[in-house]
Amino acid sequence: MISRPKPKKNRLRRTMMFMNAQKPGLIKDAYIYGSDSIILDLEDAVAENQKDAARFSLYRALKRINYGDTEVIVRINGLDTPHWQEDIRCVVAGGADGIRIAKCESAKDVKDVEEHILAAEREFGIEEGRTLIMAALESPLGIMNAYEIVTASPRMFGCAISGGDFRKSMHVQIVKGGIEMLAARGQMLLAARAAGVQCFDTMFPNIDDTEGFKAEVLQNREMGFDGKSIVSPKQIQFVHETFAPTKKEIAYSEKLIRSFDEQADAGVGVYTVDGKMVDIPFFEDARRVLALAKACGVYHGNL
Amino acid sequence: MEIQKPAIAGTLESSDAQISVEPFAHGLELSIESSVLNQYGRQIKATVLQTLERLGVKNGKIVVIDKGALECTLDARVECAVFRSSGVSDKNIPWGGLVK
Chain A
1 MISRPKPKKN RLRRTMMFMN AQKPGLIKDA YIYGSDSIIL DLEDAVAENQ
51 KDAARFSLYR ALKRINYGDT EVIVRINGLD TPHWQEDIRC VVAGGADGIR
101 IAKCESAKDV KDVEEHILAA EREFGIEEGR TLIMAALESP LGIMNAYEIV
151 TASPRMFGCA ISGGDFRKSM HVQIVKGGIE MLAARGQMLL AARAAGVQCF
201 DTMFPNIDDT EGFKAEVLQN REMGFDGKSI VSPKQIQFVH ETFAPTKKEI
251 AYSEKLIRSF DEQADAGVGV YTVDGKMVDI PFFEDARRVL ALAKACGVYH
301 GNL
Chain B
1 MEIQKPAIAG TLESSDAQIS VEPFAHGLEL SIESSVLNQY GRQIKATVLQ
51 TLERLGVKNG KIVVIDKGAL ECTLDARVEC AVFRSSGVSD KNIPWGGLVK
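Protein sequence lines correspond, in order, to chains A and B.
So in this note's numbering the end of the first sequence lands on 303, straight run, no missing numbers.
So in this note's numbering the end of the second sequence lands on 100, straight run, no missing numbers.
Okay, chain A solo, but in the shape it has when bound:
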């Protein structure tokens, strides 16, 4: 029996790869590809008459397969279905790291899920508070309520936009450049940063359109996302490379931190580095960049 270490709210989540929980061929080696997180799916990937079978298969996988450092999240069925409560019992009993709430639209949705998670943790003797939550925002209402959603529970580690459903409800298609989701992505990012949780972009569905995929990942990083949902192992490497701090960013952060220590010792608050004025927020951001670089394995310095 596998028993996973206590999940961390804050960790590296550049890639979250979707896997059908009903397909043993997929979930048995999901971890070897090296995505930061996997999302075992009980929702859309599983046919309506196989929901029960998917749970048995998921429970076994959670108990028997060693996913190592890969985070294991389970996407449960929507709160408007008869499935989500048993999904939660299965996921909590199996000891997954977290639950992704599909089609989340309000703080109440989060609290309903939280209540059932707590009940399941008590029922199965799991440490209370262990199971984390993330919210998938898939509708205009979900986006409008993003802040109340991401602040609804201490278990909440982040939110993601789900492009497929969202675009349909907005009557738009995927557009090169992403203008069709710009406002939604922006609003969700603001809410996540205001709440101090992570924020993830939707998956890119056209697996063979490498150019379109890369453009979207680059834009994700420029907008400030922490990571992205993916649907193929082929997509992992580029996302990981793109989300890792560049050599230039690392060098600048090092320089900032070293100079800041000197200036602080000398009693100086605001000063310039490379001709640019810097103060405390720069210093904090430099620390964040170095921590991320370390986690991504691209910085081995001593700061």
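I should point out that these hints are in silico values taken from the structure, not numbers from a laboratory.
Just so you know, nobody snuck in bad clues.
Distance condition first, Cα-Cα at most 25 Å in a straight line; then the derived SDA-like pairs of lysine to any residue: (1) B:LYS67 with A:SER232; (2) A:LYS276 with A:GLU222; (3) A:LYS63 with B:ASN92.
Use these hints to put chain B onto chain A, whose structure you have.
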């Protein structure tokens, strides 16, 4: 548990197994079809029988069509078929109890 009506779980996809169960009055009758029968036939049989024993199934006809399933997949499919045959596969599953 008792096998009350015919039920089936799993698929014929690679790495999966399809398990059919139906009521039978005189003990367990197990038949196995597998692409790896020569190498793993005994192991598959032992796994299925062990799971049935854990579930307390004493009577039934069980047909296994194995497509190279891992042990944990076989377990999950047998459990699902048995729970379906009693009409109790949808909720209040004894996770960590009978299913462990």
